[in-house]
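The whole structure should be built from the sequences, with the hints applied where relevant.
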Amino acid sequence: MSGDRLTHLDESGAANMVDVGAKSETERTAIAEGFIKMKPETLQLIKDGSAKKGDVIGTARIAGIMAAKKTSDLIPLCHPLMLTKVSVDIEYDDQLPGLRVEAMAKLSGKTGVEMEALTAVSVTCLTIYDMAKAVDKAMEIGSIRLVEKTGGKSGHYRLENDG
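End of the sequence shown = 980 in this note's numbering, gap-free, step of one.
Source of the hints: derived by calculation from the structure; they are not laboratory data.
Some hints could be false.
Derived DSSO-like pairs: lysine-lysine, alpha-carbon spacing no greater than 27 Å straight-line [unchecked claim]:
id, residue 1, residue 2
1, K950, K923
2, K950, K856
3, K887, K854
4, K854, K970
5, K923, K856
6, K870, K927
7, K864, K970
8, K854, K870
Restraint-style ranges between C-beta atoms, simulated for each label pair [what the hints assert, rightly or not]:
id, residue 1, residue 2, range
9, S841, K954, 46 to 52 Å
10, D910, S971, 28 to 34 Å
11, H896, K856, 23 to 29 Å
12, E977, V952, 32 to 38 Å
13, K870, D906, 18 to 24 Å
14, A831, M883, 30 to 36 Å
15, G866, P893, 35 to 41 Å
16, A951, T901, 32 to 38 Å
17, D947, E858, 16 to 22 Å
18, R962, K902, 17 to 23 Å
19, E858, R975, 14 to 20 Å
20, L943, S889, 32 to 38 Å
Predicted model, so just to flag it, every value in this text is computed and none were measured.
For each residue, glycine too, the CB sits at the ideal point set by N, CA and C.
As structure tokens, this is what we get:
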């Protein structure tokens, strides 16, 4: 299959699940990132652990990990995967102000884990929004993107530093 063609479309343009049966198993990782911007006072509530719904950071981290494991249930053409590791890191950013999220997914298999890492970041941010929306409905989720991937036929990818 050439690199200038969408892999989830067949010759007639119909959506299909890619057959990965003949692919080699390799160690594969993916790292994705994103952020959720909020009012400084909302960020302070989260830092203080005084959000009404409880531990925002801990709950969001668990939600992100669970989401990575359920990616094939959410994204129609994703393969169900046996992930060997998922981590979600959430950091305070007073300059944003808000929280920066990074997720890493890993496995030894025949297909990549980019969607799992991206899904983990997305659901982590959505969970933070859900837990803090009572005090800040104007929060903004943004810049969810793949930072790096390793393994597989296409090899290593690293997002270029854009400034």
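Each hint, compared with the structure:
| no. | hint | in the structure |
| --- | --- | --- |
| 1 | K950 to K923 | violated (32 Å) |
| 2 | K950 to K856 | holds (11 Å) |
| 3 | K887 to K854 | holds (26 Å) |
| 4 | K854 to K970 | violated (36 Å) |
| 5 | K923 to K856 | violated (34 Å) |
| 6 | K870 to K927 | violated (40 Å) |
| 7 | K864 to K970 | violated (42 Å) |
| 8 | K854 to K870 | holds (19 Å) |
| 9 | S841 to K954: 46 to 52 Å | holds (48 Å) |
| 10 | D910 to S971: 28 to 34 Å | holds (31 Å) |
| 11 | H896 to K856: 23 to 29 Å | violated (40 Å) |
| 12 | E977 to V952: 32 to 38 Å | holds (37 Å) |
| 13 | K870 to D906: 18 to 24 Å | holds (21 Å) |
| 14 | A831 to M883: 30 to 36 Å | holds (31 Å) |
| 15 | G866 to P893: 35 to 41 Å | holds (38 Å) |
| 16 | A951 to T901: 32 to 38 Å | holds (37 Å) |
| 17 | D947 to E858: 16 to 22 Å | holds (18 Å) |
| 18 | R962 to K902: 17 to 23 Å | holds (20 Å) |
| 19 | E858 to R975: 14 to 20 Å | violated (36 Å) |
| 20 | L943 to S889: 32 to 38 Å | violated (18 Å) |
The structure is inconsistent with the numbered hints 1, 4, 5, 6, 7, 11, 19, 20, although it conforms to all the rest.
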